[in-house]
Each structure stands twice: as structure tokens, then as C-alpha cells.
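Q: Heads up: the protein sequence lines correspond to chains L and H, in order.
Residue 105 in this note's numbering sits at position 70 of the first sequence, with consecutive numbering throughout.
Residue 131 in this note's numbering sits at position 148 of the second sequence, with consecutive numbering throughout.
Because the hints were derived from the structure by calculation, they are not lab data.
Even for Gly, the Cβ is constructed at its ideal location relative to N, Cα and C.
Some hints here could point you the wrong way.
Stated by the list, open to error - So the derived list for chain H, only partly shown, Cβ under 10 Å to chain L, looks like this:
#	residue
1	L198
2	V203
3	F205
4	P213
5	V217
What follows is each chain in one-letter form.
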Amino acid sequence: MTSIPPSTTHGAEPLLRVRHLSTRFRNRDGEVTAVDDISFELAAGEVLGLVGESGCGKSMTGYSLIDLVDPPGYVAGGSVRLNGRELRGLPAKAWRALRGDRIAMIFQDPMLTLNPVLRIDTQMVEAVLAHRRISRAEAQTRALDALERVGIPAAAERLRSYPHQLSGGMRQRVAIAIALLNQPDLIIADEPTTALDVTIQAQILYEMQTLCREAGTGLIWITHDLSVVAGLADRVCVMYAGRIVEQGSTAQVLERPAHPYTRGLLDATPAAALARGHHRGEPLRQIPGSAPPLSALPAGCAFRPRCPRANESCLQVPPRVETADGQEALCWHPLSPGEALPEASTAIGVQS
Amino acid sequence: MTLFLLRRLLQTAQVLFIMSLLVFVGVYAVGNPLDMLVDPQATAADTARVAAALGLDQPLWVQYWRFLGNALQGDLGNSFLHGTPALQLIVQRLPATLELAVSALLIAVLLGIPLGLWAGLRPDSFGGRTIMAGSILGFSLPTFWVGLMLIMVFSVHLGWLPSGGRGPTREFLGLEWSLLAPGGWRYLLLPALNLALFKLALVIRLTQSGTREALLQDYVRFARAKGLPPHRVVGVHVLKNIMIPVVTVVGLEFGTLIAFSVVTESIFAWPGIGKLLLDSINQLDRPVVVAYLLLIVFIYTLISLVVDLLYAALDPRVRLAGGQTA
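Bound conformation, chain L alone (with noise of 0.2 Å):
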């Protein structure tokens, strides 16, 4: 539990340091851990993917970086610095300072983020203006070049739009155009391509990248598609019931995943299936079970009873194993590299 996760930039302080931060909701029955004393890094410029099933607390990991968690939600503890700078604690003020400014983010439906009664310009100049001292006009053109860059045809004319009057792709590019106007240090994206068809998806995730690299903007890709980090990520988490079960560049975890939980995700996966040798045709293997709701989760590792390795030390809370430089995982028998998971499991398909 003390062992310090791998950093990627050695020495400095990356971007972005988060350390144990737990997220809790208070409710009749008490209390429910929704992010449970997760830890990782992320360095200027790179991208860390962030996945797991839908409730498994990783968009609640994001609006936890960024403040945004609604009561009866709260940050419980932990630390999350900012370029050496603590952010938890700060008072409200210095918050609303830095999100959108410093910390931007994106959400997943683009047909629900932009206020369907206020014009395109009125909802960038105001981005602008909350965090600058300019002119209007000032305001209006960084809006106008916030729309170019990330490839809006006729911009000018989509400025004085309504929402309701473009596509969905153009109205997500519209929601990273306004994370991108402040040029932020970090922007979290939670699932933004989700919503969008393959072709869109495709172009906005190249043109993502693309505009973090260049202006070493850290982003954090929230996702439940493990193709999607495998085309975009530099490293991955994996979360499962709150926590971070497995981290590590994406190249370990996608080929050589330690937890039995990464290795059921990527036998679940068509295309990752496929390169380890899967047949086409054959049913592809599944995780036995379903997510335990927050509030019932099992004592110990809380994949336990989905998992094909649990013995009785899957009772106690799974130690953070380092299993190849810069990769750990939670587990008390995490797999060796490439090694499967035993057939105990149901293979769920479709019989011949």
C-alpha cells in the first residue's frame, strides 16, 4: 500500500501528482466509496487512459480532479497537486480560477453540454472572460481561432450559431474548442467520442492528440473502449469498483496485463482477442458476473467473485504489486506475462 507508483518523469515533479484521493457519497444507509485511495501520475503533454465498466468511478475520478463532484458527493482525502501546487483544500474561489483555465473538461454527450438557448460566441466569450481581462472582441477572435483549430469549417458563421443548428462531431469540437480556448495545463475528457459515429470518432481522437502534444497539454481519457486507448493512450489505468487495479504504459498493460480483471477486459475485446491468438468465430470469453453495485461491494478484492484466482487471501485488501518496471497492479496473484486466465471461468457464447 505504501509503495510509490512508477512515475514517468523522473526526479521533477510531473503535471500532475494524485495520491490516495478517495471520493464518498453520504446517503440514508451511510456511506459509499465511489473512488477508493487511487494514486498516478501523469507528465506535461502525455495522455493516461482511464478505464473500466460504466460505475466503476472513473468519471467520478475526473470530476473529482476538477472539483465538480455534487453533494451529497465529497472529496474525502487524498492529494492531488497540480504542478507542484495542492489543489484540495483550495477555497472555492481559487477553484472556479482554475477550472477552465488551468483544468479543462470535456463531457461525453455533446448534444447535452452546450446550452441549447445561448449562441456558440456567447458560451466561448464567456470561457474567455471568466478567467481574462480582454475585450469582448479580444475574446471573440481567440474564440474564432479556438474553433479553427480544431477544424471548423466557416467558423465564423458557426460562432453566431445555436447549438441546436450543428451536428453532433461539430458539437463536440465546439465543447474541446472552449477547453482549449485558456490553453490549459490538464484537460479531462470523460468518454467525449462515445456519443460519436466510428468515422468522427476517429478524426477527433487523432485531432486531440494532436493539439496535447504540441502544446503539452496532459489529458486524461476517460473511456470504457480499450481500442480507443490502445490507438491513443501513453499509459494506462484500469479501475474497477473505485479503484485503480492496474497501471502502466499501454503497452504492458494491453499485451502483458497483470490483474485477472485487465486480462478478462481484453478477452472481452474482439480486436485483442484476435491478436492473442483468438479464433474468429469462436465465442470470445467473458467476465463471468457483473459489477458490484458501490454500495455492496465485497470485503477484500472487490473482483473476487468474478475472478478465476480467488482464494481465501482475496478476503483481505489486495496489495499494490509493481510486476515490470512501471506497471503494478492490486491483486495478491497477479499473471505473469502472458499467461491466460484458467478455464474455470464460463466461456459465455454461443454453442455450436
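Once you've looked at the hints, dock chain H against the given chain L.
A: Just chain H now, kept in the frame of chain L:
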């Protein structure tokens, strides 16, 4: 846009026609106005003369046909009672009602939206709960009872405000206004408050639920993620969205304020059209009743037209039919 207006005008004409027919038959069914107008001791010849003079000796369909012919030329008939044109009688009293209705609406909106916002932003606070509980009272207490209580407390016990009548007025643009006369507001305040109470409760509840709903929307979260100050998030992003339902409902309710000021006007002896209607129904003064209801229908359709136009101005997704589609 022109097409839209034309279509609305045509619809209004249809509604007016159907309305006039219904009211005509309805008032005919209530009783014979001659019983009210003619002295019971009068001879049959006298009664017949009055009936002939008022056209009441004709069969109903002939009476309606005549009315319709005159109405198309802008003449809604003379009051049986006063002998003056019914429309003129109403128009004379309309400003008093309008002033009362507008004051009530202003009270409802200017108090209701801030209170509703407050309650929506802090639904679990003591203030929020109190406002919402109060709005239930506003809904459920009968207007006439509240009116009587207001008179009891503020006029009888405290003696702060007059119990009825319109008080002094001042002429402006050819109409009489209470608010412009010194001390006129003292007469207006209680009836306006009485009339506003129900609408106030409505506006509070609409604004509160709209605010709570808007706060959960992604665009509000995104606005906060942009680092906007709370007054901008609430005052622009939330408010502009909840104004759409509020304007719709408040606009339509303005019609009912005018139409149903009857109760308040009779409690506070406010000389408006509501009181005129009650008197006219009692006297079976058909031309006034018909003219009143036609006027109300007309005002109603006019208001809903204004609401539609406002709606289009507030919500960019709404384009009026017949206009260009986005």
C-alpha cells in the same frame, strides 16, 4: 411569419364565432330578461312594446342572426339595462381590471422567480422548504377567503389599508390609473396581492422545479467546468432555460387573471369588468355578457399569440410555422 399570423387570426375568428353562439344560447336558457327589465305590474302591451324595442319578440335564431350582422360591423349591441353600447360599458371599466391584473402579475413574477430560484438552489435548506410549503398554501387557500382575511387583518385590525373601492385615480393617455394618483397604490395593493397569490405560488413552483432540473443538466456542469462564477451560471445558463416554461405559463395565466378577477373585484368592490359581469349576469343583460366573453376570448388569443412570439425569441430551437425552418 405572415402565414403564421394569418392562420392565428383565422383560428381566433372561429373561436369567437363558436363562443358567441354558445353564450347566446346559454344566456337565453338562463331566463327571460323581460322579467327583470319590465315592472311586474306592467300591462301585456307594455311588455310587448319593450320586447319589440329590444328585439326580444323575435325567435332566437333571428335574434342571433341580427346580432351577428351587427357584430361584423363592430356593434355588439346595447345593454338592455343601461341602453348604452355594451362594448363601451366594458371598455370603460377595462383599465381598472387591467391595472389590477398587471399589478398582480408583476407581484407574482417579481416575487415568484427569485423565491423559486432560491428554493431550487437550496431545496433542502430551511428557507427552501418554507418557500415550497408556503406555495402549497398559496395554491390551496380559496381566493375569496384570503381576500376576506386580508381585509380583516390589514383594514379592520391594523387599519393600514382601505378595505375596498378604487380610491383616487389620475388620467393618463385618456385612461384612469390608480398607481399614478397619490395614495392610489394603497387601494390597489390588497386586491392585487389577493389576485396574485395563486399565480405567485404557481411561478414559485415552476421556477423551483425548473431550476432543480436545470442544475442536473450537463450544460450547467460544463458551465461550471469553464470556471464561470455562480451568478453567471444561475443568472444566465439556468435562468434563460427556465424562462421558457415560465413565460408560457405566466402568459396564459394573465388571461385567467383578467377573466377570473371577478371574485377579487367583488370582494374589494373594485370597479372592473369582473364586477360588471356579475351584475350583468344577475340582470340577464345579455349584450353585456356576450360582449364581455367575446372580449375575454379575444384578449386570450392575443396573449397566447404574444406568448408564442416571446417563446420563439427565448428559445432558438422554436421557429414559428410558416417561417423559415432552421
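Q: So, for every hint listed, does it hold in this structure?
A: So, going through the hints one by one against the coordinates:
1. Nearest Cβ of chain L to the Cβ of L198(H): about 9 Å, under the 10 Å cut. The hint holds.
2. A hinted interface residue such as V203(H) counts as satisfied when its beta carbon comes closer than 10 Å to some beta carbon of chain L; here the least separation is about 8 Å, so the hint holds.
3. Because the closest C-beta pair between F205(H) and chain L is about 4 Å apart, less than 10 Å, the hint holds.
4. Against a cut-off of 10 Å between C-beta atoms, the interface hint on P213(H) holds, since the closest Cβ of chain L lies about 8 Å away.
5. Hint status for V217(H) relative to chain L: violated, with the closest Cβ pair at about 13 Å, above 10 Å.
Of the hints listed earlier, the one the structure fails to meet is number 5.
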